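**Q** Input sequences plus hints: build the corresponding full structure.
Residue numbers (the working numbering), protein chains in the order written: chain R, 647 to 799; chain D, 647 to 799; chain S, 647 to 799; chain V, 647 to 799.
Mixed in with the good hints there might be a few duds.
Identical copies carry no separate label here, and so any pair may be met within one copy or between two of them.
[Stated by the list, open to error] Listed next, the in silico DMTMM-like pairs over lysine to aspartate or glutamate satisfying Cα-Cα at most 20 Å (straight line): (1) 707 x 730; (2) 707 x 772; (3) 707 x 651; (4) 707 x 782; (5) 707 x 735.
No lab work stands behind these hints: they were computed from the structure. All figures in this text were calculated on a predicted structure; none of them were measured in a lab.
4 protein chains.
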Amino acid sequence: MIPNEPPFSPDRPFTVARVVQWGEADPAGIVYTTQFLDYVMETVEAFWRGMIGVSFYQLHKQHHLGSPTVSSQLDFQQPLRSGEPFTVELRIPRLTRSTIGFSLIGRNTAGAGCFTGALVSCIINDQTVRSVPIPDWIRQPIEAYRAATGETN
Amino acid sequence: MIPNEPPFSPDRPFTVARVVQWGEADPAGIVYTTQFLDYVMETVEAFWRGMIGVSFYQLHKQHHLGSPTVSSQLDFQQPLRSGEPFTVELRIPRLTRSTIGFSLIGRNTAGAGCFTGALVSCIINDQTVRSVPIPDWIRQPIEAYRAATGETN
Amino acid sequence: MIPNEPPFSPDRPFTVARVVQWGEADPAGIVYTTQFLDYVMETVEAFWRGMIGVSFYQLHKQHHLGSPTVSSQLDFQQPLRSGEPFTVELRIPRLTRSTIGFSLIGRNTAGAGCFTGALVSCIINDQTVRSVPIPDWIRQPIEAYRAATGETN
Amino acid sequence: MIPNEPPFSPDRPFTVARVVQWGEADPAGIVYTTQFLDYVMETVEAFWRGMIGVSFYQLHKQHHLGSPTVSSQLDFQQPLRSGEPFTVELRIPRLTRSTIGFSLIGRNTAGAGCFTGALVSCIINDQTVRSVPIPDWIRQPIEAYRAATGETN
Numbered sequence: 647m648i649p650n651e652p653p654f655s656p657d658r659p660f661t662v663a664r665v666v667q668w669g670e671a672d673p674a675g676i677v678y679t680t681q682f683l684d685y686v687m688e689t690v691e692a693f694w695r696g697m698i699g700v701s702f703y704q705l706h707k708q709h710h711l712g713s714p715t716v717s718s719q720l721d722f723q724q725p726l727r728s729g730e731p732f733t734v735e736l737r738i739p740r741l742t743r744s745t746i747g748f749s750l751i752g753r754n755t756a757g758a759g760c761f762t763g764a765l766v767s768c769i770i771n772d773q774t775v776r777s778v779p780i781p782d783w784i785r786q787p788i789e790a791y792r793a794a795t796g797e798t799n
Numbered sequence: 647m648i649p650n651e652p653p654f655s656p657d658r659p660f661t662v663a664r665v666v667q668w669g670e671a672d673p674a675g676i677v678y679t680t681q682f683l684d685y686v687m688e689t690v691e692a693f694w695r696g697m698i699g700v701s702f703y704q705l706h707k708q709h710h711l712g713s714p715t716v717s718s719q720l721d722f723q724q725p726l727r728s729g730e731p732f733t734v735e736l737r738i739p740r741l742t743r744s745t746i747g748f749s750l751i752g753r754n755t756a757g758a759g760c761f762t763g764a765l766v767s768c769i770i771n772d773q774t775v776r777s778v779p780i781p782d783w784i785r786q787p788i789e790a791y792r793a794a795t796g797e798t799n
Numbered sequence: 647m648i649p650n651e652p653p654f655s656p657d658r659p660f661t662v663a664r665v666v667q668w669g670e671a672d673p674a675g676i677v678y679t680t681q682f683l684d685y686v687m688e689t690v691e692a693f694w695r696g697m698i699g700v701s702f703y704q705l706h707k708q709h710h711l712g713s714p715t716v717s718s719q720l721d722f723q724q725p726l727r728s729g730e731p732f733t734v735e736l737r738i739p740r741l742t743r744s745t746i747g748f749s750l751i752g753r754n755t756a757g758a759g760c761f762t763g764a765l766v767s768c769i770i771n772d773q774t775v776r777s778v779p780i781p782d783w784i785r786q787p788i789e790a791y792r793a794a795t796g797e798t799n
Numbered sequence: 647m648i649p650n651e652p653p654f655s656p657d658r659p660f661t662v663a664r665v666v667q668w669g670e671a672d673p674a675g676i677v678y679t680t681q682f683l684d685y686v687m688e689t690v691e692a693f694w695r696g697m698i699g700v701s702f703y704q705l706h707k708q709h710h711l712g713s714p715t716v717s718s719q720l721d722f723q724q725p726l727r728s729g730e731p732f733t734v735e736l737r738i739p740r741l742t743r744s745t746i747g748f749s750l751i752g753r754n755t756a757g758a759g760c761f762t763g764a765l766v767s768c769i770i771n772d773q774t775v776r777s778v779p780i781p782d783w784i785r786q787p788i789e790a791y792r793a794a795t796g797e798t799n
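**A** Structure representation (structure tokens):
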């Protein structure tokens, strides 16, 4: 997954580019259902590393925090084929005291939407496994990104 | 995944039993988000093989049909740990002309719900890639299962 | 993966039974290379749980030991197709002070060998990450299994 | 996986760069055995797309050829951690009438070798599933790459 560079704007969100690997497609030649959640999480992990500045592993090891998924919704519009390049755009339409609401759109090279995802993550103390307020060093880059991409709620 | 045997009833749905493999858990020791859609699809595939009588591959090769996923919703209640046994129950609360609506519940050995899934699949002609009415040989075992498990809608 | 039950003999080793999932096969309809190491490790993990009595997670959490792979060799004789049932047999031709040498054979329903694997694992202290002598509670069930299956080296 | 650009030389082979995803590491925090064959095949697929000019899917769909793996050997020198950047170098020390012999080295950011792989692929007619002579349009870019990287056998 190759992320694009800032600056970001409402029409130019954080986006990663990728090619469908051979083994990610099924005997019908299209990406199988189970693979899409990998694409979503690869994008979310790339956002954490690139925009918040830590991997999930650093979050865990250095900050004793975790970011488990509370819920995920995937909707499929059209298939992605083996070998096909695609992009995934990430937006953050919602941010609460302890949760981050991601919205993702996967597009083929024609720009057509192939899948959309909505993922809610929670920030937890990884010792107590209970939600905690999102610390400022995480909240601020997210708020800055939300402002750049025109999120207003 | 080891499925249970009929007879099925409202309190005893089609259920598969499984253990969390070591590599399915992340550095926090719990099953990672992306893995749950594999658990869901493993269960759905086991249902097709056991209750409808064909694998997805036979559906594709012999019947020229496919069963792509239209949408999937996953909600997480509590973590599953590496090495932990668990079960996944499958119900079919909804059946339309061309779509099958699955409902899944993952439980740990204490019986507590760890995750729930809602998956909508569509039956398509795999040449035209367009939805078709669900053929009787697929619909009848599903309707029989729905009756056995008390689905009434 | 469903393991068989004891007693074991040279002609009846520890064996797990499995079906190829739809998404484990590629657009050519056959299991893709990367998947076979999953089949091998699923079998090795089933052996640990069933015959030594701990999952890798219990080994890690309760005994502060690990069992990383030192080397793996896979050879492919013929393809496994999507939806095809298969078995994996596990033997332990070699056991040293700190290493366990597994040998695996994957067979289709006709009994023909589809793939073979040779895997060497090491037992380590998971704090120092250095190899340690295999403790007796691990060595003894392995030696008993080796004797039952006719290993003599 | 981000590949480097030509020119290539004996000291500068085709190399892809990657970060260990969170879920690719196990509860001990290191990449699990099964994942390494994915890294190897991702690299081989990137070489096919970048240097031979087709994806495995185009090879299959447009040329009616396949490139199944005959054998793979992996050796592990030291662990890769969750979140750690790494590179995989690809060389082709051996090329026969129908087979391609790849050699791969995975390195961490300190340049230390973490794993090595040796993979033999075969070119087949995907209808007959029998090996065929490697066509010139595949052989020539491989020979050019072998010459650039100093392979002489």
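**Q** Now, for every hint given, state plainly whether the structure supports it.
**A** Consistency of the hints with the structure:
1. 707 x 730: Cα proximity of residue 707 and residue 730: across copies only (13 Å, versus 36 Å in one copy).
2. 707 x 772: both (10 Å within a copy, 16 Å between copies)
3. 707 x 651: neither (27 Å within a copy, 35 Å between copies)
4. 707 x 782: within (18 Å within a copy, 33 Å between copies)
5. 707 x 735: Result: close neither inside a copy nor across copies, 28 Å intra and 29 Å inter.
Checked against the numbered hints above, the structure breaks hints 3, 5 and satisfies the rest.
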